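Here the protein sequences line up with chains A and B, keeping their order.
Reminder that position 249 of the first sequence reads as 249 in the working numbering, one-by-one numbering, no gaps.
Reminder that position 285 of the second sequence reads as 285 in the working numbering, one-by-one numbering, no gaps.
Hints are all accurate, no fakes.
Derived coverage of chain B by chain A (criterion: at least 3 residues anywhere in the stretch with Cβ under 8 Å from a Cβ of chain A; other residues may be distant):
1) 164-178
2) 339-346
Cβ pair distances, simulated, as ranges:
3) B:Glu-181 x A:Leu-284: 21 to 29 Å
4) A:Asp-190 x B:Arg-240: 25 to 33 Å
5) A:Gly-64 x B:Ala-40: 35 to 43 Å
List time: in silico SDA-like cross-link candidates among lysine to any residue, alpha-carbon distance up to 25 Å:
6) A:Lys-297 x A:Arg-173
7) A:Lys-115 x B:Pro-336
8) B:Lys-192 x B:Pro-121
9) A:Lys-297 x A:Leu-170
10) A:Lys-297 x B:His-155
11) A:Lys-89 x B:Gly-243
12) B:Lys-200 x B:Gly-124
13) A:Lys-293 x B:Pro-255
14) A:Lys-92 x B:Ser-27
15) A:Lys-293 x A:Asp-177
16) A:Lys-293 x B:Val-256
17) A:Lys-89 x B:Leu-357
18) A:Lys-115 x B:Asp-337
19) B:Lys-54 x A:Glu-221
20) A:Lys-92 x A:Ala-184
21) A:Lys-297 x A:Pro-180
22) B:Lys-54 x B:Gly-327
23) A:Lys-92 x B:Gly-25
24) B:Lys-54 x B:Arg-331
25) A:Lys-92 x B:Leu-44
26) A:Lys-115 x A:Ile-75
27) B:Lys-200 x B:Ile-123
28) A:Lys-293 x B:Gly-158
29) A:Lys-115 x B:Ile-43
30) B:Lys-192 x B:Phe-122
31) A:Lys-293 x B:Ala-248
32) B:Lys-192 x B:Gly-284
33) B:Lys-54 x B:Met-335
34) B:Lys-192 x A:Ser-225
35) A:Lys-92 x B:Val-39
36) B:Lys-192 x B:Met-203
37) A:Lys-92 x B:Ile-33
38) B:Lys-54 x A:Gln-62
39) A:Lys-297 x A:Leu-157
40) A:Lys-92 x B:Val-353
Hints listed in this document are in silico derivations from the structure and should not be mistaken for laboratory results.
Computed from a predicted model, the values in this text were never measured in an experiment.
All residues carry an ideal CB built from backbone N, CA and C; glycine is no exception.
Here is what each chain is made of, one letter per residue.
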Amino acid sequence: MNGDSQFSIVLLAMLAGAIRVSTPFLFVSLGECLTEKSGRINLGLEGTLVFGAMTGYAAAYQTGSPWLGVVAAGIAGAVFGAVHGYICKLPKVNDIAVGIALMLFGTGLAFFLGKPYIQPQAPRLPSLPLGAWSDNPQLQTALQINPLFLVGLALALLMWWAFRNTRFGLIVRMTGDSAPAALAMGYSVDLVRFLATTIGGFLAGVGGAFLSLYYPGSWSEGLSSGQGLMAVALVIFARWNPLACFGAALLFGAAGALGPALQSVGVTAGYYFFNAAPYVLTLLIMIASTSPKRALKGAPGELSITK
Amino acid sequence: MTATSPAEVNAIPLRPMGDLLARLGRSAEAILIPLFALVAAAILFSIFLLVLGKSPAQFFSLLWLGGFGTPFSWTNTLVRAGPLIFTALCVAIPARLGMVVIGGEGALVLGGFAAAAIAIPFIGWAPPLVVMPLMAIAAILSGAAWIGLVGVLRHYRGVNETIASLLLFYIAVAIMNFFVEGALRDPGNPNKPSTPTIGKENMVGAIPGLDVHWGLAVAVVLAVLVWVLMNRTTFGFAARITGGNVRAARAQGLPVGRLIVISCALAGACAGLAGYFEVAAIQGRANASIAAGYGFTGILVAFLARQNPLAIIPVAIFLGGITAAGGLIQRRMGMPDATVQVLQGLMFLVLLVSETLYGRIPFLRPRSA
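The shape of chain A in the complex, shown without the other chains:
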């Protein structure tokens, strides 16, 4: 009986964690999905995420409005995306290396400028009590849902629809599958990729704002440890499908919540191992979902990472 209720506590905590922790994964992976669909990879979204978190926190603290913080984080992310997009269109420049450089530069700059914001408390984003119908307090906490999560869900649906049904989606997909075809149709490959990378950066910045303004809800240098990178890996797992990105983000959120959830019922042994669960999961998923023999289904033809 006791074991049963503990099990349900862990399950509920993981559900709550999946919803809470998944939002940054969701935003970063949607941004990366758009970028990769256009045929370019941005490994620097980890740096964008951290910088967005810092900017969002600082802006919310200065203005008193967490939503302005979200906007500021998005703009900062867009700037990073634009820098990546601009540099990568130069000839002979390796987009993977530029991503690594931007990752190091973004985290460094965020730590540098964010130093004064480690102590003060910025206003947090509100949440919607969608669990009010239940009398189970744990379920109520689990269903305290942040509006950004719903925005992310809507965005995933919108992108999934737009890739299939709109002119814009077609252009992005064509640029990603065959640059010569896009050129022949009279579209500027560089411009499409530049815009896709910039918007991707914007989304990653918003994901960062969620980290610092909602959960965990403060700015520190250890805020994101590899979440942006995991989100990039997640896009491959999701086969460049925005809806699958949503599902994968939930899965990663649940994996990330495993360590704290077990700790809450008193299982402290192996805490550090369970904390490594998302990384191990990412690696296992990458091993299971890739193949050296054939191109992955749904992979954009121009993408350097799958070649």
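Since chain A is already given, all that's left is putting chain B on it; use the hints.
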């Protein structure tokens, strides 16, 4: 960086002048363009400092003072150059095969931890002559296995090596924390979770005449050996062909998979050695301090050296100096400790942008072709 040009010139016997000029032009490019990138990064960083209301002149003079100005700062610089050479080799070796491996920090952490862990049962009674090699071997093997795994995943499963190696860094840190906070925790050190100290007798000493531990000498020798391996042996030749064109290498019957896995394992062994010296010459135990970011700065070192093992040596000293000056800049100018990180990130970015200049500078391009 200058180390490349004489070697490159020696490599060609008597050939028509045009060819020689072309090679000279290419080596000049390989030195001038990164130098230009560094200057451009310094200018951009000065603008950044001016915007913040700080003095660039003070910053760069402190950088010089803290890195190269005094014998004391040279010691600091060289102590940091050693691990940077190791971790840069961890990037440069796979780069010859066209792979971007950025998880050297993981192999460093795991290597350092393995060295400290294997020493525990021997502390106090076994002679150092037994314990020290054992520690080094543990570090080399665990580092080699860690990055070797990246190679295996890349070749046999098609997993992207950049992402896999960075994920393995986080996993390596988690493994170390798991043991350091639990089974292998030293009860005598309550403030900072660590393994037990390996004991004074098992520590690596200083190079005579220098206040720098032997890790630097080992790193320099290793860099030269890797250069010989990559440029003067059939293994290196096969590796470079694989890096140039995998299909052509396969068509030639080269064992591509074995080349990839062995190169990655070698790379990991280098980073593992960096971890060994961090534990056996600096910290004396394994704890969170060994993940000091050498693996990430090593990426920049390797790219600045254009993945040339010999060029890595001077570049590592240069970046070691910048890292060493960080503390002084932090104290004197009241700037955050991430200042050096910002400068390094900027250098990396500008350097990558400068790649676009190769073959496009008119006076460096010989007309013989």
